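Colleague: Residue-level listing of the chains:
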Amino acid sequence: MSEHDVERRDEALERRAREVFEASVEQLDVGTRARLRAARQAATAEIESRQRPAWQGWLPVAVAASAALVAVLLWRAPAESPVPVASSGATVAIDALEIVAAGDDLDLVAEDLEFYVWLEQAGLDGPDAHDGGQG
Amino acid sequence: MMGPATLEVVITELPEGGECSRREEACLDAAETLDRFLACVERRAFRIAQMALRDRDDALDVVQDAMLHLARSYGARPSGEWRPLFYRILYNGIRDRQRRRSVRSRLFGFLPGSRADEDGPREDPLERIADGAPGPDRQLMADEAMQRLETAIAALPVRQREAFALRCLEGLDVAETAIAMGCSEGSVKTHYFRALQSLRAALGEVF
Numbered sequence: 015m016s017e018h019d020v021e022r023r024d025e026a027l028e029r030r031a032r033e034v035f036e037a038s039v040e041q042l043d044v045g046t047r048a049r050l051r052a053a054r055q056a057a058t059a060e061i062e063s064r065q066r067p068a069w070q071g072w073l074p075v076a077v078a079a080s081a082a083l084v085a086v087l088l089w090r091a092p093a094e095s096p097v098p099v100a101s102s103g104a105t106v107a108i109d110a111l112e113i114v115a116a117g118d119d120l121d122l123v124a125e126d127l128e129f130y131v132w133l134e135q136a137g138l139d140g141p142d143a144h145d146g147g148q149g
Numbered sequence: 016m017m018g019p020a021t022l023e024v025v026i027t028e029l030p031e032g033g034e035c036s037r038r039e040e041a042c043l044d045a046a047e048t049l050d051r052f053l054a055c056v057e058r059r060a061f062r063i064a065q066m067a068l069r070d071r072d073d074a075l076d077v078v079q080d081a082m083l084h085l086a087r088s089y090g091a092r093p094s095g096e097w098r099p100l101f102y103r104i105l106y107n108g109i110r111d112r113q114r115r116r117s118v119r120s121r122l123f124g125f126l127p128g129s130r131a132d133e134d135g136p137r138e139d140p141l142e143r144i145a146d147g148a149p150g151p152d153r154q155l156m157a158d159e160a161m162q163r164l165e166t167a168i169a170a171l172p173v174r175q176r177e178a179f180a181l182r183c184l185e186g187l188d189v190a191e192t193a194i195a196m197g198c199s200e201g202s203v204k205t206h207y208f209r210a211l212q213s214l215r216a217a218l219g220e221v222f
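Those protein sequences? They're chains A and B, same order as listed. For the first sequence, my numbering gives the first residue as 15, with consecutive numbering after it. For the second sequence, my numbering gives the first residue as 16, with consecutive numbering after it.
Please note: incorrect hints may appear among the correct ones.
[Claimed, not checked] With the Cβ distance kept under 8 Å, some of the chain B side facing chain A (calculated, not the full set):
id	residue
1	L75
2	V78
3	G90
4	C183
5	L211
[Unchecked claim] Partner residues are not named here, just some residues of chain A that face chain B (Cβ under 7 Å, in silico):
id	residue
6	V34
7	L50
8	V77
9	A81
It should be emphasised that the hints constitute simulated quantities derived from the structure, not laboratory data. From a predicted model like this one, the values you see are computed outputs, not experimental measurements. Using N, Cα and C, we set each Cβ at its ideal position, and we do this for glycine too.
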C-alpha cells in the first residue's frame, strides 16, 4: 500500500470517527443535557461572583451603618438647644424668644424693646435679682 | 510533564482561537463569553469523559468539576486560551477518577458486588429519551458504529487515546493538544500517528 493510500485511509477513518462521534453527541438524553446546563450555569455564576468589585460586598454594611448614624443624630437633636443666636457681645435671653413664641404683637415688642432690655438687665444683674426683690 | 511556569509561556504563544471574534468578545462580559464557550464544548467533553470512564455519572461529575475549575482559575484569561486549558483540567480529572477507581478495586475487589461499575452504567431508562432522534435503523447503525469506535479507542494506550480524542474528535490543533496533554508537540504527533495505525487495524474497512 502506497503512502498516499495510507493517508487517504487515515483521512477516511478520521472523517468517519468524527461523524459517528458527533452523532452520539447529538443523541445525548434530556437528563444529561439538563445536568450539563446546570453545571455550566454554576461555573458562570462563579465567574460573575469573582468579577463583582470588593466594595459591593461592603455596601449593605455601609448602608446599615449610615442609617444607624442618621437615626442617632435625629434622636439626639431635640436634646440640644436649637438657638444659636447671639447679639452685640451678649447672649440673647431665652425670655425674649418666649415672648416672640407666645404670639404677642411684634410691633409692641419693637416699641418697648428698651423696656425689655432694661427689664432683663435689672432682673439678671441688679442687687434684687438674687433675693426676689425683697429688701 | 510541564510545570505551571512552562504552561504560562506556551499559552502566551498561542494564536487567538475560538468562535468569537475579538470585537464580539469586547462587547460581551466574561461570564457571557464563558457561558458560550462551555455551551460549545460541554457535550463533546461529556462524551469524551464518558468514553474514558465508561460511567455517565462519573463523566458528568468530571465535566462539572472542569467547568468550575476553569471559571475559578482561568476565568480572567483570554477566552482563546480556554479550550486547551479546559481539556487539560478534564483529563486530569479523568486520570484522577481512574486512579481512585483502580485503588478502590484493588482494595475492595474481593468483596461481592464491588465490581458493579463494570456491569454497565447505572442509568434511569427514562433519561435515555433523546432529542430529535433519527429513525430506528439509522439510530441502530450509528449506535453500533459508535460502540465499535469506543471499544477500539478503549483498547488504545492512555496517551494515544487522549491524542486521538483531542485531535480527531474534539478538533484541537497540535499546539492546543500539547497543552491539554501536558507534553511536546512532537509527542502529540507520535501518539496520534500510532493511535491512527492501531484504529485502522482494529476497525478495518468496514467502519
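Colleague: Checked against the structure, which of the hints given earlier come out wrong?
Modeller: Violated: hints 8 and 9.
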